[in-house]
Amino acid sequence: MKLFKVFVLTLSSIIMSCFAHADDMKVGFIYIGPPGDHGWNYQHDVGRKAVDEAFGEKVETVYQENVPESADAERVMTQMVLSGADMIFATSFGYMDPVLNVAKKFPNVKFEHATGYKTADNVSTYSARFYEGRSVIGHIAGNMTKSNTIGYVASFPIPEVVRGINSAYLAAKATNPNVEFKIIWIFTWYDPAKEADAAKTLIQQGADVIMQHVDSSAIMTVAEEAGVYAFGQASDMSAFGPNAHLTAIINGWGPYYVKRVQQAMDGTWKGGEQTFDGIGDGMVVIGNMSDKIPDSVKKEAQAIADGIASGKLHSFTGPVNKQDGSPWLAAGETADIGTLLGMNFYVEGIEGDIPQ
Amino acid sequence: MNMGDINLSLLFASLIVAATPVLLAALGELIVEKTGVLNLGVEGMMIFGAITGFIATIETGSPWLGFLFSILGGISLAFIFAIVTQVFRANQVASGLALTLFGLGLSSLLGYSYTGIKPAAFPDMHVPYLSELPFLGIILFQHDPIIYFSIFAVFSVYLLFRNSRLGLILKAVGENHDSAHALGYNVILIRFLTILVGGAFAGLGGGYLSLVRVPQWTEGMTAGAGWIALALVVFASWQPFRLLVGAYIFGGVTLLQLNLQALGVEINVALLSMSPYLVTIAVLVFMSARRAKGSLEAPRSLGKTFFGL
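From first to last, the protein sequence lines stand for chains A and B. Mapping to our numbering: the first sequence position 356 is 356, numbers consecutive. Offset between the second sequence (1-based) and our numbering: plus 1000.
Just so you know, the hints here were simulated from the structure itself, not pulled from any lab data. Some clues are possibly wrong.
Partial selection, computed: residues in chain A whose CB lies under 8 Å from chain B [claimed, not checked]:
no., residue
1, His38
2, Gln64
3, Asn66
4, Glu69
5, Lys182
6, Ile184
Note that the structure is predicted; figures quoted are calculated from it, not measured. Even for Gly, the Cβ is constructed at its ideal location relative to N, Cα and C.
Generate the whole structure from the sequences, applying the supplied hints.
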């Protein structure tokens, strides 16, 4: 039955694409994993659907899932452009150079690259200040841990991930001075078996709250089984761990996608821009908080989120030292955007090295 | 850093879980290779077993039926391989590689609408009294039935090839298929059936991955486990107990490196990540270097197509 459905869907999409020339604009999306991951890719697909909804007949969206961060990405994007795409959203860090290469070949096509730092005349980048969300969940984690050990499953040692670890650590430490972070790097965004193994290991070593910066919901499943807490990543994952799920950092790409497509249609879209939005702009959303969190902690967490949204608070506010003890931020000083985007060091108190 | 943070009994218990998919698949391949057939489609049969088992568990709610269907899934792919290589006598290497590609593709297609769903839990079966033992109880006797089965299967395969007439026949077919044929054994039929048995084991291993170890369906979730199984068979020099040791070492070092990372040990992470492969190969090479030469060689008809009749 399922097979039949897939078949019909594929067939209908082929037929649709043959009659779709009436659209004013065609927008392509490439995903690193399947939109069914209920994590990173799922939210980008939610954003794509928001574009569909906002523009209806005027815009056609297409997407390709499981595109590796390699020369394959260039092939897929080239194919999309050749089949009529006017704008492409490349939604993973590793698409950076492929995007630039393809953008050079097609100067009239508009490219948007998520979480990268290289731009061109027809390439803009966008990223979310996920670290703002990490401050909120770091505070919750610091209060919820009884063993004072928080496990962190990390993907690749890139600034985005390091930023998240530092931000979560500072927030947890601020509310619970005894807290300790155990970090495992698994060098993949999406490998449920590896993610599950890493989470099990952390739990065995005493972690009773697990944070993740990888894409699948495997860790939530493991946490639920082991009776510890975890946070949803990119999407609400409470379905996978009704008891384990404390809250989630949800990525809200929809408003940005709609805005950029609108600009492209109006002719006001510009390349070379670097968007970096946070809780205040709705690009980072804190999900529903579980009943397991005491009301007082909920209120504090909400206050942190509101403070960051209004600009009164900043996740990185001094005094903060680097891991080696050298001063980074003086009292009251906040981190500048350049250091944040290139962050390659742990803050003081985190043990272990960032793999090089 | 404090080594005391590593709970040894839990580490051992979870290495058994981590190693079981590979162990099951490798054991199946061992039987198949013993009869002289090289099936490189282990990865494909595993992932197909992973998805058929997963779908059956979701649709029926029963992990037992799920495992049954993962076995059937493995067998059905193995059936294709058996037809192609035994009836039509196609090249085994090429057919096996094609089977892997086919299995990966077909499982993605079938699993398309099954991502992000959680299967019904498969309960552990604590052995009465024994599971209460300190240390050993946690390591050995608090697992799920499939793990007990995998260890039982290793023993059985060992006894099969050591002490049984059937084992001798299988070995004869694998060592010299012309002689076996001359003795009146139906080489094609025997190979056909063992290929199906191999598929059943690979499918079960895949099902264990998607139903217990993760438990979730993801495209390409075997992530090379089938190839590791194939390599293990060779390094274990076609001996079931070495296979067990090899699989557990592999699982163990994989988990140990995660544990060391969590402890903040200052070793290059890239080095740690490759350590399971290096250590497993080193240990098995060392083990086989000490044995007499004759007992180590591959079945002499391995990979050769039987044309007699």
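The hints, checked one at a time:
Annotation: His38(A) was flagged as interfacial toward chain B, and the flag holds, the nearest CB pair being 4 Å apart, inside 8 Å. Contact between Gln64(A) and chain B, as hinted, is not supported at the beta carbon level, the nearest pair being about 14 Å apart and thus beyond 8 Å. Nearest Cβ of chain B to the Cβ of Asn66(A): about 6 Å, under the 8 Å cut. The hint holds. Because the closest C-beta pair between Glu69(A) and chain B is about 15 Å apart, greater than 8 Å, the hint is violated.
Annotation: Lys182(A) was flagged as interfacial toward chain B, and the flag holds, the nearest CB pair being 4 Å apart, inside 8 Å. At a threshold of 8 Å, the smallest CB-CB gap from Ile184(A) to chain B is about 5 Å, leaving the interface hint in force.
Hint compliance for this structure: hints 2, 4 are broken, all remaining hints hold.
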